[in-house]
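Asks: Now for the letters of each chain:
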Amino acid sequence: MNVLAVRDLHVHLGESHILQGIEFDVREGGVTALLGRNGVGKTTTLRALLGLVDRRGSISLAGEELAATATHRIVRRGVGYVPEDRDVFAGLTVEENLRLAERDAEPRYDLVYDLFPELKERARQPAGTLSGGQQQMVAIARALLNENRVLLVDEPTKGLAPLLVTQVADVLARVAELTTVLLVEQNLGVVQRVAHDAVVLDTGRVVHVGPARELLADRAMVHRMLGVG
Amino acid sequence: MSTFVLLTITGLGLGALYFLIASGLSLIYGLMGVLNFAHGAFLTVGAFAMWFVESKLGGLSTLPRFLVGALAGLVVGGVFAALVELVLIRPLYRRHVEQVLVTVGLGLATTALVVAIWGNDARPVAYPSWLGRTSTVFGAHVPNDRFVLIVAALLVLGGLTAFLRGTRYGLIIRAGVENRAMVTALGIDVRKAFTLVFAIGGVAAALAGVLGNVYFTTADPNRGTSLLIFAFIVVVIGGLGSLRGTAVSAVVVGLVQQYANYYASSGLGDLSVVLLLGLVLLARPRGLSGSLA
Amino acid sequence: MRLVRALALPVAVLVVLALVPKLAVDLPYVFQDSLNTPGTLQLLALCLVFGGLAMTYDLLFGFTGLLSFGHALYFAVGVYLVAISLTKWHWSFAEGLLFAALVGIVLPAIFGAVSLRVGGIAFAMVTLAFAQAGSILAFKNPFGWTGGEEGLGTDYTKLPSAFVGIFNTENLYWLALGYAALVFVIVRFAVGSSPGRIWQAIRENELRVEVLGLRPYGYKLICFVLASFLATLGGIVYVLLEGGATTDVTSANFTLTLLVMVVIGGTGTTWGAFLGGVLYTWANQRLGDASSSHAVSSLPGVLRTPLGQPLFVLGVLFILVVFFLPGGIARAGRLRRALRLS
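Those sequence lines, one after another, are chains A, B and C.
Residues in the first sequence are numbered consecutively from 1, following the numbering used here.
Residues in the second sequence are numbered consecutively from 230, following the numbering used here.
Residues in the third sequence are numbered consecutively from 523, following the numbering used here.
Careful, some of the hints might be misleading.
Unchecked claim - Restraint ranges, calculated between C-beta atoms of paired labels, are given here:
#1 C:533 to A:13: 53 to 59 Å
#2 A:76 to C:737: 46 to 52 Å
#3 B:493 to C:610: 52 to 58 Å
#4 B:397 to A:60: 28 to 34 Å
#5 A:125 to B:447: 48 to 54 Å
#6 C:552 to B:397: 55 to 61 Å
#7 C:611 to B:447: 34 to 40 Å
#8 B:361 to A:132: 58 to 64 Å
#9 B:308 to A:131: 25 to 31 Å
#10 B:308 to A:132: 42 to 48 Å
#11 B:233 to C:736: 50 to 56 Å
What the hints assert, rightly or not - To list a few chain C residues with every Cβ distance to chain B over 12 Å, as calculated:
#12 561
#13 628
#14 734
#15 838
If you are wondering where the hints come from, they were derived from the structure by calculation, not from laboratory data.
In this text, a Cβ means the ideal position worked out from N, Cα and C, and glycines have one as well.
Could you put the whole structure together from the sequences, leaning on the hints where they help?
Replies: In structure tokens form, the structure reads like this:
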């Protein structure tokens, strides 16, 4: 059963044709990694799924077509978002950041504070004064407060120290037990740890789909498609 | 000394007037990215709604006549602003350019309409006589309307701050001023906040219109446009989107204008404000509070 | 050959327009009297002046992306300085002309140098502030020079006789036509030149221009001074045409109407701005005429009162254009970039 089915997704930004007919599926209950070199359109894909950029094509969430739906309605259908630069509201406190994200009748504060006890301590602290790692916690917590069908997570370990990377990977593993995740990630160690499926992009197109383990085991393919290793 | 006190309180009163207009402008720009050139029209509409209602209540004594007229002004101003947002601004969602242009056209059209109906001349307005009387403060004879303006502005500032900090919509607006897209990505329909902010701005501007009627003793169709320019200057100096910056800037502008007009020469006050804008922008292009300009 | 073809249309239009004062042609509804009457020629001349002024604003905003809310200031400089120097200082016509033109270069050089240090909204506000200062000065009537609210009539004994008197309206018409033609030629030449291409590059993406090693500031300043100087020339023609200076030309409303003209016509196409200026001026005048006409005064009050105010009709029209005529508005991408709005 596919949580997300994307067909023929196109995005134009200015004169650039950024996404040129993206197609892939996200299996329910798993972590699908969206991989590719810098600039191929991974973040744009997530933003397109959310309607944050103008897009053409078909996006269906558990069978429901969302390509013409406004962002806030897509999110209310059960799509959580952890953006690339965290995008926490600096002028709001941690507690206010979380409160803003509340959607369901019973937001899952127990879960969130269990995963991130530090957030409870720093509830009154303005989010702008948090460290990068702490802001990442807020960003993930925000998305976890509500029950979502799928979580779109964009480079959660970017710019974090190795210890924090491990912590985030742990959190992701736990989150994956609860929700389907579409994960954009450059850190292949994290991908190795949590991802089941992999979708690889290159210049706006999907060039490979398959089990994550297989892809990562093939060094030649990894080097060719992701430019590393 | 007494002159100085009079000047200071008058300056604060003017600053209060500017703040009432500028607060809405600042919020609207901060949240929506729209430079609302129709904001002066909200003031004019509020001012003339007050005058119109008062003129229909000739039989009543002054105080109820004034209060009902003032209330009418506020309601009409708020409703008008909300309608403008719903009918003209919302359909142009995400097309900021067109939104600004539409407000330009609306500003011109509304003032022209008011002139068409009531003529170009200022119309005297009825208000309780104690507003026109003076109170003595440190030897200065200060007209009471100044105090009312200052109190009104403080109430609006306090009310807005409480609203922003204490309510869900206030939270949404504060977050939206920082990052509108992310707010929608949390599943919140920001467009409702847009209409609300316009309505709030409309009421505040209408209040400026009502109190301006008292301060200048008349309702004048051209006042909205001329005050709007000062309001823009106040907002840009203070930093677009920052309520506190706007408040500080309004006080500074009001005081500078009064002091310069008196201690330098009449008319120089307005020029000093302009000079102040130039200096602030050259030193800090993002305004005093450093918010996005 | 291509040059000849490119020039054919503009030259043809110019020739037709030059012949107008000799045409005893009646255009009902379009004009009150036939084309060769002083009243109609006056209106046409005014249309040409504002068409030219709109083109100068298009150079600034449409091509280079500089959103100025103070462009009217330089027009007003032309208007007021000629009137003041002739009437109050008793200078000769040539002296007044040269003085106004000189200030029309020096003033924008100074103000532009200051304003262009910031960009986006800050720039727009600084230009607004400078223009507002000019307006305040005009109202203040320092030394009794500007005539304050009442304005200042030009001492006609100082003017060349060719421009004085109602029968010489056709000369003023040709002067206005000459101005519009001059602006058109200069603007087209400028945008086609290599600094002109840089202006358009700045409008598109200033960062890229910097990366190429060029300093946008200098280019923007040149554009600013050129546009302002041409506006001052327009002001000079205007004051000859109208016989005096009034504070209308210093108001913020006036600058906004420039924006309306250029947007309705279509930014970034010199023709568009010219057309917008002509149409707006014509409509403004004719709507005013129409309101006192029989057709309108027989309308019910509810329709008659608003229609009697040209600015109301034009404001509404502008809103409708913004909503439904993306043709002129399609160029508005420049406003977005100029203001650096999200």
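Asks: Confirm or reject each hint.
Replies: Verification of the hints:
1. In this structure the hint that residue 533 of chain C and residue 13 of chain A lie 53 to 59 Å apart at CB is violated, the actual value being about 42 Å.
2. Checked against the given bound of 46 to 52 Å, the beta carbons of residue 76 of chain A and residue 737 of chain C, roughly 49 Å apart, stay inside it.
3. With their beta carbons about 24 Å apart, residue 493 of chain B and residue 610 of chain C fall outside the hinted range of 52 to 58 Å.
4. For residue 397 of chain B paired with residue 60 of chain A, a C-beta distance near 32 Å keeps the hint of 28 to 34 Å intact.
5. For the pair residue 125 of chain A and residue 447 of chain B, the supplied restraint of 48 to 54 Å holds, since their beta-carbon distance comes to about 52 Å.
6. Distance hint check: the CB atoms of residue 552 of chain C and residue 397 of chain B are about 58 Å apart, consistent with the given range 55 to 61 Å.
7. Range check, residue 611 of chain C to residue 447 of chain B: about 38 Å between beta-carbon atoms, so the 34 to 40 Å window is met.
8. Take residue 361 of chain B and residue 132 of chain A: their Cβ atoms lie about 60 Å apart, and the range 58 to 64 Å holds.
9. Our hint of 25 to 31 Å for residue 308 of chain B and residue 131 of chain A is violated, since their Cβ atoms are close to 47 Å apart.
10. Separated by about 46 Å at the C-beta atoms, residue 308 of chain B and residue 132 of chain A satisfy the suggested range of 42 to 48 Å.
11. Between residue 233 of chain B and residue 736 of chain C the CB atoms are about 53 Å apart, so this pair conforms to the stated range of 50 to 56 Å.
12. For residue 561 of chain C, the shortest C-beta to C-beta distance to chain B comes to about 24 Å, beyond the 12 Å cut-off, and the non-interface label holds.
13. With a least beta-carbon separation of about 18 Å from chain B, residue 628 of chain C lies farther than 12 Å from that chain, consistent with its non-interface assignment.
14. The Cβ of residue 734 of chain C sits about 23 Å from the closest Cβ of chain B, beyond the 12 Å cut-off, so the non-interface label holds.
15. A cut-off of 12 Å between C-beta atoms contradicts the statement that residue 838 of chain C is not in contact with chain B; the least separation is 5 Å.
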